[in-house]
Amino acid sequence: MEDNPAHSARPSLPPPPPFPWQLWAIAGVVFAFLWWSAVETGVNWEAFREGFPELGEYFGRLLPTSENPWPLDYLPLIQEKLIETIKIALGASIIGSALALPFALLGARNLAAGKWVYNLGRGFLNLVRTIPDLILATLLAAVFGIGPVAGLLALTVFTFGIVAKLLCDTIETIDPGPMESVTAAGGSYLERALYAAFPQVAPDFTAYSLYAFEVNVRAAAVLGLVGAGGIGANLQQSISFMNYSRVGLIIFVTFIVVLIIDTFSTWLRSRLV
Amino acid sequence: MSSTPNDAPTVPRDPMVSFENTSVQYPNGHRALQNINLNFYPGEFVVIVGLSGAGKSTLIRCVNRLVNPTEGIVRVAGQNIIGLPDGELRKVRARIGMIFQNYNLVRRSSVLRNVLTGRLAHLPAWRTLLGLFPQEDVQLALACLERVGIPEKAYQRADTLSGGQQQRVAIARALAQQPYILLADEPVASLDPPTAHQVMRDLKQLSREENLLTLVNLHFVDMAITYADRIIGLRGGELVYDGTTEGMTEESFEEIYQRRIRPDDVLIKEADTPVEAVSGGR
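As given, the protein sequences belong to chains R and A, one line each in that order.
The first sequence lines up with residues 1 to 273 when you count with the working numbering.
The second sequence lines up with residues 1001 to 1282 when you count with the working numbering.
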């Protein structure tokens, strides 16, 4: 045993690399941007200090008290609207994912029938995802009328956009070997997609659909704010009537339902792949 | 104990595959094949040797046009396949089985489903797109699995099999195509020596029984000499050797590899090298 192996035993160790100055540069740029956005948006520390105590007071009013209990007789109505919310999310997730699957198989670079098909598909997907779902819901509510149909359509478009995009990216990373063997055996483009690509991404596809469902449940809960169905309509109504105990109850029940669905879906996804 | 004589080069008959002044230049300018002229006959077991980058893979892939020749002609059963439209090309490919170094199975699918992909080009599109394989095709696929000795694995997922078994599934998939030609691109490079010899024996036997023209890329010289009827040597995309295994001397080796034989060019020989392989090869 030597006394100081670090000094004597390893004479040939290369010198440690210098600390990358690029990291400092990146950190500097990030902070500069943060500062700039704070100035541009007029961050007001006074408002923060005054607002925070009020925040606590406001949330306090949402909680039930002995003189102001939660109106439990309101629950059946909430239940009906919650089920509508879940139906919107579920329907949108299923329809959107079903539409996304063939589109992703067509749009992936390693499968696409040609370069222009790929560029067209990718362009369309990017376009779809630039429209915020609440704005889409507002527009659709104006076209299809106030109600769950507008919400369903808006979230279907959202699901389609996100699942198709994620699936496209996943397909582009799959093992090309099986596709080569299907080609070598005389398989067509569609047979490549169906027999070589799809089995490789089937678990991912399911996981993405479930993920879209989780996001959709949360999104569907606020769709009512723009008149597109679900629990959000009741929430907004209660807020505008300043019926805080009702608002508290709605938020609480929605939170529980979202939590249950999220937990279940996450558990399901972890068992895939 | 095969009694089939290796008479392919001597008896005049129509070649199954022929290369006529075939060259391949890749888009980056690399010339992978230069002016190749070759005829291959039904039932021949041909091993192609050469360093990596010599053009072995390119040569094999020209036969089913996974690589497109940039000059010259490739004929399969007399038909010039260069410039064939997609549908016609798929008909040609339907009868050319191919196996790969990495097996190229869909790992998550069942063994049977993998073998059935060999039937895709033989069935109408509506059937394959709906996944409705006729009973006779399923029976054929099962029979192919039986021939490679793993019928009991039919309903297992492909990734539960060992490397040697996966390569057998790939051979069964090629057989399900009822091919005239079998292409094998480094089929044993991912296998341990005993398994590698087993797979080579299987290929050799199938080639004999089905009168299949078999083109195999191999790195190991001893293996090439053990199993081949005919050896093709490539160097830098050019044909530098075409002849029997007896003609393969140390000099012809050095001509192909541009150096002496090294230990890593030789796979340790299996003790029980099969009789038919020896009688067929030497």
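Among the clues, some could well be false.
Straight-line Cα separation of at most 20 Å, EDC-like style, residue types lysine to aspartate or glutamate; simulated pairs [claimed, not checked]:
1) A:Lys-1091 / A:Asp-1137
2) R:Lys-115 / R:Glu-172
3) R:Lys-115 / A:Asp-1137
4) R:Lys-115 / R:Glu-180
5) A:Lys-1091 / R:Glu-180
6) R:Lys-115 / R:Glu-57
Hints are computed from structural coordinates only; laboratory data are not their basis.
Going down the list of hints, with the structure as the test:
{"no.": "1", "hint": "A:Lys-1091 / A:Asp-1137", "in the structure": "holds (17 Å)"}
{"no.": "2", "hint": "R:Lys-115 / R:Glu-172", "in the structure": "holds (14 Å)"}
{"no.": "3", "hint": "R:Lys-115 / A:Asp-1137", "in the structure": "violated (35 Å)"}
{"no.": "4", "hint": "R:Lys-115 / R:Glu-180", "in the structure": "holds (19 Å)"}
{"no.": "5", "hint": "A:Lys-1091 / R:Glu-180", "in the structure": "holds (16 Å)"}
{"no.": "6", "hint": "R:Lys-115 / R:Glu-57", "in the structure": "violated (59 Å)"}
Checked against the numbered hints above, the structure breaks hints 3, 6 and satisfies the rest.
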